[in-house]
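Quick note, the sequences are listed as chains A and B, same order.
Heads up, the first sequence is in the numbering used here, so the first residue is 1 and it goes up one at a time.
Heads up, the second sequence is in the numbering used here, so the first residue is 1001 and it goes up one at a time.
No lab work stands behind these hints: they were computed from the structure.
These numbers come from a predicted model, not from an experiment.
Worth double-checking, as some hints may not be accurate.
[Claimed, not checked] Calculated lysine-lysine pairs in the DSBU-like style (CA-CA distance at most 35 Å, straight line):
1) LYS1016(B) - LYS97(A)
2) LYS1083(B) - LYS1016(B)
3) LYS3(A) - LYS1211(B)
4) LYS1211(B) - LYS97(A)
[As the list claims (entries may be wrong)] Among chain A residues calculated to face chain B with C-beta under 7 Å, some are:
5) ILE16
6) TRP19
7) GLY22
8) THR27
9) SER33
10) SER34
11) VAL127
12) ALA137
13) ILE139
14) GLN226
15) MET230
16) PHE271
[To be verified] The calculated label-pair distances, taken between Cβ atoms and stated as ranges, are:
17) ARG41(A) - TYR1060(B): 48 to 58 Å
18) TRP1203(B) - TRP138(A): 53 to 63 Å
19) SER1256(B) - PRO145(A): 21 to 31 Å
20) GLU236(A) - PRO1212(B): 35 to 45 Å
21) HIS1238(B) - GLN4(A): 46 to 56 Å
22) LEU1187(B) - SER17(A): 22 to 32 Å
23) LEU60(A) - GLY1026(B): 50 to 60 Å
24) THR1061(B) - PHE258(A): 40 to 50 Å
25) ARG1240(B) - SER2(A): 52 to 62 Å
No residue lacks a Cβ here, since even glycine has one placed at the ideal position from N, Cα and C.
Listed below are the residues making up each chain.
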Amino acid sequence: MSKQSRRELFKGYAFISPWILGFLFFTIYPILSSLYYSFTRYDIMRPPRWVGLENYVVLLTEDDIFARVMGNTLYFVVLGVPAGIAVAYLLATLLNKKMRLRPVFRTIFFLPTLVPVAASAEVWRWVLNSNWGVINAWIKAMGYPIIPFLSSTALAKPSLILIHCWGQGTAMIIFLAALQDVPQSLLDASVVDGATKSQQFWHITIPMTTPAILFVTITQLIGMFQYFAMGWLLTEGGPNYSTEFISMYLYRNAFRFFKMGYASALAWILFIAIVSFTLLAFRSSDRWVYYGGN
Amino acid sequence: MALSHVQQAGAARRSKQRTERRAVVGRVLLYTLVGSLSLVFAMPLLWMISTSLKTDPQVYTAPPIWLPNPIRWANYPEALFTKKPFLLYTWNTIRIAIPSVIGAVVSCSLVAYGFARIRFPGRDALFFICVATMMVPFQVRMISLYIIFRNLDWLDSFKPLVVPHFFAGAYFVFMLRQFFMTIPQELSEAARIDGCKELGIYWWVILPLAKPALAVVGLFTFRNVWNNFVGPLIYINHERLFPISLALRGFYAQYSEEHLWQYMMAASAATTAPMILIFFLTQRAFVEGISVTGIKG
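Please work from the sequences and hints to get the whole structure.
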């Protein structure tokens, strides 16, 4: 290797050394050791005890709660991700039109992402409470039966999805930027060809923004599988485990029951689930994503 | 049958009026839709502020009251300062946030510079790995990280929350790398001819040009630290070290026992307000930061 390129090599690695160190200590080592723990029984007090595949077998065959947990998580991902994306895209489309006070509206829709999760959980607890919540107090006053948002097993998950849609400010901004990148020349040309607004939307706007849609889909998929804070604060998995998601069950097993090995196995099952869904999304993307390449 | 000029003009004018009317109706619909949606989105926060200013009897009415009368500003100092040390919690959050922001900006810019401005073997493969790590869920590392920090005796301190920021998180490295790559090589070359070493180019040429992007890294890190819940939940047990995100739960536990919802809402509003203020002052940076990664990512 020439002296020049050796110098470049040294410089390059020197500059990225913080990342390399972090990668080794905070990423690779924890990943590998959690894989190891998943094959053990480990309660922190005593050293880990190797049990082979026992954790995985129990999780997948005997643990009824885990079956519910997995079902809840999949329900949440499959319904919640599209719902959130649809809301974000709708808002972005609306905000893309010229109107007065547009910055004000944009701020209002983005505000939920700035509120600490504990604060918004408390507020939503108040708004959705079955007896004296804002919505139900009003419904009761009008003489209708209350809606048990968070206290019924049927409505708890949809209520959480509702709150998730409320917090779609970031995705909305991403879509706004993508919408503004749609070439006006294409839209103008389509008008000449006689396209209606609806045709413009479905055949130009949406296809031209599919890269952003893919990005948001994948990042939201990854995030939704790890959903924890809002659900934990509002329902702590209830009622009756109807809102217990994988991350919460994991937390419970690790920090309440001190079953670190079991929790690690849970984490790896979660990892596999995320990778599978992400790969699916990427594979399918060849069919519906259009990279215009400006 | 040909229309006369007058008839044609009349038809044209009526068609124009129809289009204008349609446009007006469209506008009205748009504003109605956007207006009502913003009310729905703002409702929880409006409720938070409204309740925080209520006197006791007005809190639990049915149907609920939106405009408290009288407005009780005293709720705020009472909620924040009398029962729990709110200032201490805020100070804790700041003690975590400031080093984190410095760590993130410095380490991410250094690493992004390496990935963007220096050619070396293995660069692209390593960058791909860097980006791929974003897909690993936190839960996979969570337990091991807890055990690592426990063995280092770092639990119940701010170290587990601050130190990782000094090791260049993938999200910001990615973003800054994209940005640094847009700076023309000629600028680096010119500095090199003038005798600048690589670190000098980084400091004197690239960084000043990247101020907006660096501001985004700082702001986003600040927001993430301010709102981070799971990290403090796992690593910190002593109440005197709670940052705001964790301390809020302490507030709620105490006030809900005494049925003091107005205090809970006042505490919530007080912990949200600083973040909203910062957002207002730096709106453009927030929006640009999100858009740049979103559409080019």
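Hints versus structure:
1. LYS1016(B) - LYS97(A): Roughly 22 Å separates the two Cα atoms, so the pair holds.
2. LYS1083(B) - LYS1016(B): The hint is violated at about 67 Å.
3. LYS3(A) - LYS1211(B): Holds - the C-alpha atoms of LYS1211(B) and LYS3(A) are around 34 Å apart, at most 35 Å.
4. LYS1211(B) - LYS97(A): 31 Å, holds
5. ILE16: 4 Å, holds
6. TRP19: 4 Å, holds
7. GLY22: Result: holds, 3 Å to nearest chain B Cβ.
8. THR27: 5 Å, holds
9. SER33: 4 Å, holds
10. SER34: 5 Å, holds
11. VAL127: Holds. Min distance 6 Å.
12. ALA137: 4 Å, holds
13. ILE139: Status violated, d = 9 Å.
14. GLN226: 5 Å, holds
15. MET230: 9 Å, violated
16. PHE271: 5 Å, holds
17. ARG41(A) - TYR1060(B): 48 to 58 Å: 49 Å, holds
18. TRP1203(B) - TRP138(A): 53 to 63 Å: Holds, at about 60 Å.
19. SER1256(B) - PRO145(A): 21 to 31 Å: This hint holds: roughly 26 Å between Cβ atoms.
20. GLU236(A) - PRO1212(B): 35 to 45 Å: 42 Å, holds
21. HIS1238(B) - GLN4(A): 46 to 56 Å: This hint holds: roughly 54 Å between Cβ atoms.
22. LEU1187(B) - SER17(A): 22 to 32 Å: Holds - the Cβ-Cβ distance for LEU1187(B) and SER17(A), about 24 Å, lies within 22 to 32 Å.
23. LEU60(A) - GLY1026(B): 50 to 60 Å: 55 Å, holds
24. THR1061(B) - PHE258(A): 40 to 50 Å: Roughly 45 Å apart at Cβ, these two residues keep to the hinted range, so it holds.
25. ARG1240(B) - SER2(A): 52 to 62 Å: 58 Å, holds
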